[in-house]
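Residue numbers (the numbering used here), protein chains in the order written: chain B, 144 to 382; chain Z, 2 to 624.
Incorrect hints may have been included.
[Unchecked claim] Below, computed lysine-lysine pairings styled on BS3-like, alpha-carbon distance capped at 27 Å: (1) 366(Z) <-> 170(B); (2) 425(Z) <-> 407(Z); (3) 224(B) <-> 425(Z); (4) 33(Z) <-> 170(B); (5) 224(B) <-> 33(Z); (6) 305(Z) <-> 170(B); (7) 92(Z) <-> 349(B); (8) 19(Z) <-> 293(B); (9) 297(Z) <-> 224(B); (10) 298(Z) <-> 224(B); (11) 170(B) <-> 297(Z); (12) 407(Z) <-> 486(Z); (13) 91(Z) <-> 19(Z).
[Unchecked claim] Label pairs and their calculated CB-CB ranges: (14) 32(Z) <-> 217(B): 24 to 34 Å; (15) 328(B) <-> 504(Z): 44 to 54 Å; (16) 71(Z) <-> 219(B): 33 to 43 Å.
Honestly, the hints are just simulated from the structure, not real lab data.
All figures in this text were calculated on a predicted structure; none of them were measured in a lab.
Glycine included, every Cβ here is placed at the ideal spot set by N, Cα and C.
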Amino acid sequence: MRVRIKFSKTGSMKYIGHLDVMRYFQKALRRAEFHTSFSGGFSPHMIMSFAAPLGVGLTSDAEYFDLDLEEAESSAVMTEKLNRQMAPGFRVLSVREIPADKSSKGMTLVAAADYDVRLRDGVLPAGADESRVRDALDGFLSQSVIRILKKTKKGEREIDIRPLIYSMAYQNGVFSMTISQGSTDNLRPEQAIGAFTAFLGLPAEKSDLIIRRKELYADLGTDGERHLVPLEDLGTVIE
Amino acid sequence: MKERKTALGEDILLRVEKPERYIGNEINSVMKDPEDVRIRFAFAFPDVYEIGMSHLGIQILYDMFNRRSDVWCERVYSPWPDLDAILREKKIPLFALESQDPVRTFDFLGVTIQYEMCYTNILQILDLSGIPLHAKERTWEDPIVIGGGPCTYNPEPIADFFDLFYIGEGETRYDDLFDLYLRCRDEGWTRERFLREASHLPGIYVPSLYRVTYHADGTIAAFLPAADDVPSKIEKQIVMDFDRVTYPEAPVVPYLKATQDRIVLEVQRGCIRGCRFCQAGMVYRPLREKRVETLKKDAEALLKNTGYEEISLSSLSTSDYTELKELIDFLIDRCSRQGVNISLPSLRIDAFSLDVMSKVQDVKKSSLTFAPEAGTQRMRDVINKGLTEEEILRGAGTAFRGGWKKVKLYFMLGLPFETEEDAKGIARLCQRVADVYFEIPKEERNGKCSITASCSFFVPKPFTPFQWASMDRAEDFLEKAHIAKNEVRAMENQSCIRFTYHEASVSVLEGVLARGDRKLCAAVESAYKNGAMFDAWTERFRQDAWDRAFSENEIDPAFYAHRERSVDELLPWDFIDCGVTKEFLKREWMNAAAASVTPNCREHCSGCGARGFGGGVCYESQN
Chain B
144 MRVRIKFSKT GSMKYIGHLD VMRYFQKALR RAEFHTSFSG GFSPHMIMSF AAPLGVGLTS
204 DAEYFDLDLE EAESSAVMTE KLNRQMAPGF RVLSVREIPA DKSSKGMTLV AAADYDVRLR
264 DGVLPAGADE SRVRDALDGF LSQSVIRILK KTKKGEREID IRPLIYSMAY QNGVFSMTIS
324 QGSTDNLRPE QAIGAFTAFL GLPAEKSDLI IRRKELYADL GTDGERHLVP LEDLGTVIE
Chain Z
2 MKERKTALGE DILLRVEKPE RYIGNEINSV MKDPEDVRIR FAFAFPDVYE IGMSHLGIQI
62 LYDMFNRRSD VWCERVYSPW PDLDAILREK KIPLFALESQ DPVRTFDFLG VTIQYEMCYT
122 NILQILDLSG IPLHAKERTW EDPIVIGGGP CTYNPEPIAD FFDLFYIGEG ETRYDDLFDL
182 YLRCRDEGWT RERFLREASH LPGIYVPSLY RVTYHADGTI AAFLPAADDV PSKIEKQIVM
242 DFDRVTYPEA PVVPYLKATQ DRIVLEVQRG CIRGCRFCQA GMVYRPLREK RVETLKKDAE
302 ALLKNTGYEE ISLSSLSTSD YTELKELIDF LIDRCSRQGV NISLPSLRID AFSLDVMSKV
362 QDVKKSSLTF APEAGTQRMR DVINKGLTEE EILRGAGTAF RGGWKKVKLY FMLGLPFETE
422 EDAKGIARLC QRVADVYFEI PKEERNGKCS ITASCSFFVP KPFTPFQWAS MDRAEDFLEK
482 AHIAKNEVRA MENQSCIRFT YHEASVSVLE GVLARGDRKL CAAVESAYKN GAMFDAWTER
542 FRQDAWDRAF SENEIDPAFY AHRERSVDEL LPWDFIDCGV TKEFLKREWM NAAAASVTPN
602 CREHCSGCGA RGFGGGVCYE SQN
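This is chain B alone, in the form it adopts within the complex (with noise of 0.2 Å):
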């Protein structure tokens, strides 16, 4: 059987980096004593993956990987097993049932994520009260083209991200935005605000940015129609 389990990231632990995560887990997975599958040899290694890496520096209420499992018990029971080996930072969401096919994974379906930033005191100038920010958020966004200087292993070139942002809003000191992810057209929310502050001539760094991630979506739209779907909801609680 697969499951998707769904999992947040907050406080310190943002500085665990996505690999150690993944051994964070798998330790976890065994103190609770799960029944998972392995893969061949001498070296078995569960099989598991995650939908989309997290950077490091980046809290998330939304993290999701797909694990095989020999044996299940009920959602509300993993669930309750997992959070009794977690570490402070870490709460296990949820644990549903997933179709065990390739099509279904995680992974492969990520296709937008929701991101919640905001910007350190400083980097807005004094003055910029929430109506005027919102009102460059507007200017900002009804450009057709956005471009930004994206560095690849090659070297840089330019691409146009403002097909990759679906919506960015401004409230309460927060900008939350939806945008593209995935293997391919995937967009960082550091570049998506690094455009808006540069829009506005405003220099930010990275260390400027508090990012916490909201929630990653699967798109079952068809047509070009898009229609985004959280990836827990693609999962069935297991009774």
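With chain B's structure known, arrange chain Z on it following the hints.
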């Protein structure tokens, strides 16, 4: 509990390499309320986090201390140079991982001293903590700084920097020390009074309470306590009921991949072998085993509490553990259910170990390790390495027929009484191993064999029969390495043999510090001030910083490294009674000169003195 705040801000943590080194919060790390405890103990490993977290000793004592409700023990590691620079620039004091509180506010700073090349990092930790480097400059505003671990069998080169040293195994005397400290605080003693009282505890050495005088030639004339109530000999403390001693069932599990990223099951302590170059084999005598039932129970708990994907057996010579077969059968059965690997270091290669290894590793990919240590039988007899060429070749033959084709051989160069023939013998032994491979009919062979001979340079250590020996100079080492290498090239199957050797300069410095006296404290301090740090890291080692340090303090390193001592000389570490007598070491030094083999403890008692502890292998046949 409210959310813990990290000592370092996000601006710093996102700027340094591997911020996980500094944030704590690992699984099984112990959190307490500072209001509920009376002693705050910061336990430091003076190297980077990934190395320090691989160390079993801290985990044992961390667990033991934290079982006391009045003690909170936390961990500290050396900040990597990137953070080191930031802490200095921003004047941020070094902090402990659990509470993230500054080390200077603790009652104790314990330092485990595992190798000489970490001495400058001890100073780094003191310095970054804002604790005066010199013990004599400290006040009650500073923690009591206590050192332990293998290097304390000669603590003199770092004596100035410590208030106390603990000589021996930590499991035995810390409770007494803590109780004394509580009394001291209740009664408002001075720091001096506390140190004086502590010096009365067995195993506790207070360097400031001893006076050393020297002869004109630089050797020690006298090493005496400064007062009548201070003991003239410090007795090594060891655990005699090793089966029932405290063991951490839930060690701290790091997020970062530590160098030894696995469960470690300590099956026994001590060694019966008596290799004459090996300090651990002498100072951890007598051999004490754990019962297999205890180990099974520990393994079960450790697997459950850590979730590690690998378990390893630890000891100086695991093949000598009497119930090894039963233990391994249990582990294979238990671990296969959870996809846990078993790693088996330091096994002698024979039919039994090969059978076990073929069950737990991929024969085609893995390599087998032999430690002949020397290239000729005569030399192996000099060092009392109880391994004959016949055994090596038989082991290699069984391994090759079992499908292995990669073999690693570990050697030392620069051993006492070594000749050119012994260096050449390394190449010849490798060729004989190759011969064994090519004796197998071609159709049964599994491609080409690969033999790697890896040489390190011998460093004489205190409390070994070689403590009096002259250490080779770097150029002697290199010459011998070239002789061995050229001989490899002359061998028939040289294309199967790879010859590698270690850096020589670091080994020479290790040799200076290992057998140094108090005069070296000044050089260690100068080296640190000249920028030496992380000396154990080849790419960070700065020979120039040390060269200058020695000349600034008018110290001739050759006096410590290359001088052969007379057996009558008063050695800097003679004030320690490690259980093995000087008479025995002298006898063994003579036996080495005669290339005469001394039997292991199970074959015959050679009267080393460790029998005086009243247990372990010395009394085995009488049980």
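Which constraints among the numbered hints does this structure fail? Numbers only, ascending.
Failing hint: just 3.
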